[in-house]
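A.B. asks: Residue numbers (full-length UniProt numbering), protein chains in the order written: chain A, 1 to 335; chain B, 1 to 338.
No lab work stands behind these hints: they were computed from the structure. Ideal placement from N, C-alpha and C gives every residue a C-beta, glycine not left out. Careful: at least some of the hints might be erroneous.
[Stated by the list, open to error] Examples of chain A residues lying across from chain B (beta carbon under 7 Å, computed):
(1) L65
(2) M164
(3) A193
(4) A200
(5) R204
(6) L205
(7) L209
Listed here are the chains, written in short residue letters.
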Amino acid sequence: MQMHQTARNDLLLDVRNLETHFFGEDSVTRALGGISFQVKKGETLGVVGESGCGKSVTALSILRLLPKVSARTVGGEVRFHGRDLLDLSDREMRKIRGDQIAMIFQEPMTSLNPVYTVGRQIAEAVQIHTKASRSAAMKKAEEMLRLVRIADPERRVNNYPHEMSGGMRQRAMIAMALACSPELLIADEPTTALDVTIQAQILRLIVDLKERTGTAVMFITHDLGVVAETCQRVIVMYAGRIVEQANVIDLFARPAHPYTQGLMRSVPDRRRGRQRRLPEIPGIVPSLREPIVGCSFAPRCPFAIDICREKRPPFLDVGSSHAAACWRAEEVMGA
Amino acid sequence: MNGPLLKVENLTKHYALGSGIFKKSIPVIRAVEGVSFCVEAGETLCIVGESGCGKSTVARLLMRLVEPTGGRVLIDGTDIAGLKKAALHAWRRRMQMVFQDPYSSLNPRLTAGQIITEPVENFERLSRKQRQAFAAELLRKVGMSPEMMHRLPSELSGGQRQRLGIARALSLNPSLIIADEAVSALDVSVQAQILNLLLDLQQQMGIAFVFISHDLGVVEHIGHRVAVMYLGRIVELAPCEALFAKPIHPYTEALIAAAPVPDPTRARLEAPVEGEVPSPINPPSGCAFHPRCPLAVERCRIDVPPLVPMADGRVVACHVRAPATDIPAQPAAAANPP
């Protein structure tokens, strides 16, 4: 173990075979079917996929924020600095959340407390994780608001969330998340609810802050454009599994999984001509309530052959730090 | 038929905030301020802009779901703003709307078949057999199997629900469909299916679209002409290709630069436009974009720039990039396709 760690001391988060199920009245939804990936120190990892692919469940499973009644992580490990987060007590976990791993959500209005000022909420996070005094924490809050480029931070610390615009609230959320200098920031669709010009500002802010603070970022999004602009490495998810993993340049240049390829081609792109029919991915995503035999994408896949419907493809290297779960990855990359 | 299918002249909508019995002046939201454009038969006019720019209010004004404060909406030359209830009812056949959220715009208690035949039954009685045949035909048109007519909306996927919304709009055989963020709530792979459907329908049936969206990639893909709105006004209206190849208004430029492009090899652009969209209750004087505009000069703070026609058939409202000449500026309707 020790050997393993020193050899890979740039490793921050190591997720192995993570499996999360949701329990309904008479059904089990296999939201995560055993996923493995790593986040290195200081890198930005993109997690892409469409609704229901398990990208948000991955984040919530890592931070153990799933609703206890209906969901459970039933297998796997989440190693953070070598320690399995799934083994920690609730108290130990609370110390890690917000301190070493922070998270920002899509809708900042619902993740900020409406009855406290923004400054007080940031200060609270600081006080919980450091032994700072109230006034020092408030000073820190002001400093954080300045860092996320909110104009007039002296005045804005005393604002309630409703007194801020959507873009400013998301900035405040980022300020709160970064207040304790976490090593990992998990951002779940942080710009999806924002207008494009505000989105551009926030993306730029996240990239700048990442470079200044060295925080690793796990960036969850459905938007391939956002991935291309912000991430270094990307994992693509489909039906609760990772189907492809690559650095961002390789992924866009030569997607190796038919789903990744289909996803990229279905985005309108001027280089392929306007007013043309877009290539579609036929069909719909499979239900995760039934066990899936073979590759979960096979029913929609133009490359599918018999083996795809019978045996689940292993996750195999198709290049340096580029891997895909597809029996026909080579043909896909040539197409 | 002569003249455009839809002609919008100087359309304006102000919302009063509160009743103001005790106040001297009631604050007013200037949601839409003097908007003019035309839509030809079979054409797609896109309206883009960010939240609060008035694009959805324009959609509602076109359908007369809200009453305009001023201006005219002419369909085939008839002003629908002046129509009484019964006459308006008849005109609604010509124009239908598709909404953003297929979850909240379909009645959860009706079957798919009932939902899509309901508009027609407002106008004529159908026998059970006729209704079934009609529903089956509509479902086929939007790429769904006729067996789906017995399903409830809750038993359909998001993409299927949006298809249903489109089938409902098609049921009256309209000449114009107003689509307000019709693909925004959908996943990209489903979005592609719906965009293809809209393109097919336009080709087969010659339907014109007013397509309202914040997604520039989608707009560039399906639009013939594009109107860019900022704080209630059109700032640029141009043929789609020209607009994306060479935006003239600084806001259009900022908007296009801000849209993320799915190409990691593309060089990162310089700093995005600063600041946020101001409140429409108290919009900036002069050109509403001036506080964020890198090109703003003194005049931009004082005068509202008029829409000035340019050589390539577009109109632009910018003192710097499109200064008004001595020739009296033509109204915005000048930006018609040849």
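A.B. asks: Are the hints correct? Go through all of them and say.
C.D. replies: Against the structure, the hints:
Taken as an interface hint, L65 (chain A) does not check out: its beta carbon lies about 24 Å from the nearest beta carbon of chain B, beyond 7 Å. At a threshold of 7 Å, the smallest CB-CB gap from M164 (chain A) to chain B is about 10 Å, leaving the interface hint violated. Here the hint on A193 (chain A) is broken, as its CB sits about 10 Å from the closest CB of chain B, past 7 Å. At a threshold of 7 Å, the smallest CB-CB gap from A200 (chain A) to chain B is about 4 Å, leaving the interface hint in force.
A hinted interface residue such as R204 (chain A) counts as satisfied when its beta carbon comes closer than 7 Å to some beta carbon of chain B; here the least separation is about 6 Å, so the hint holds. For the restraint placing L205 (chain A) at the interface with chain B, the shortest Cβ-Cβ distance is roughly 10 Å, beyond the 7 Å limit, so the hint is violated. With a cut of 7 Å, the hint placing L209 (chain A) at the interface with chain B is violated, because the nearest CB-to-CB distance is about 15 Å.
Of the numbered hints stated above, those contradicted by the structure are hints 1, 2, 3, 6, 7, listed in ascending order.
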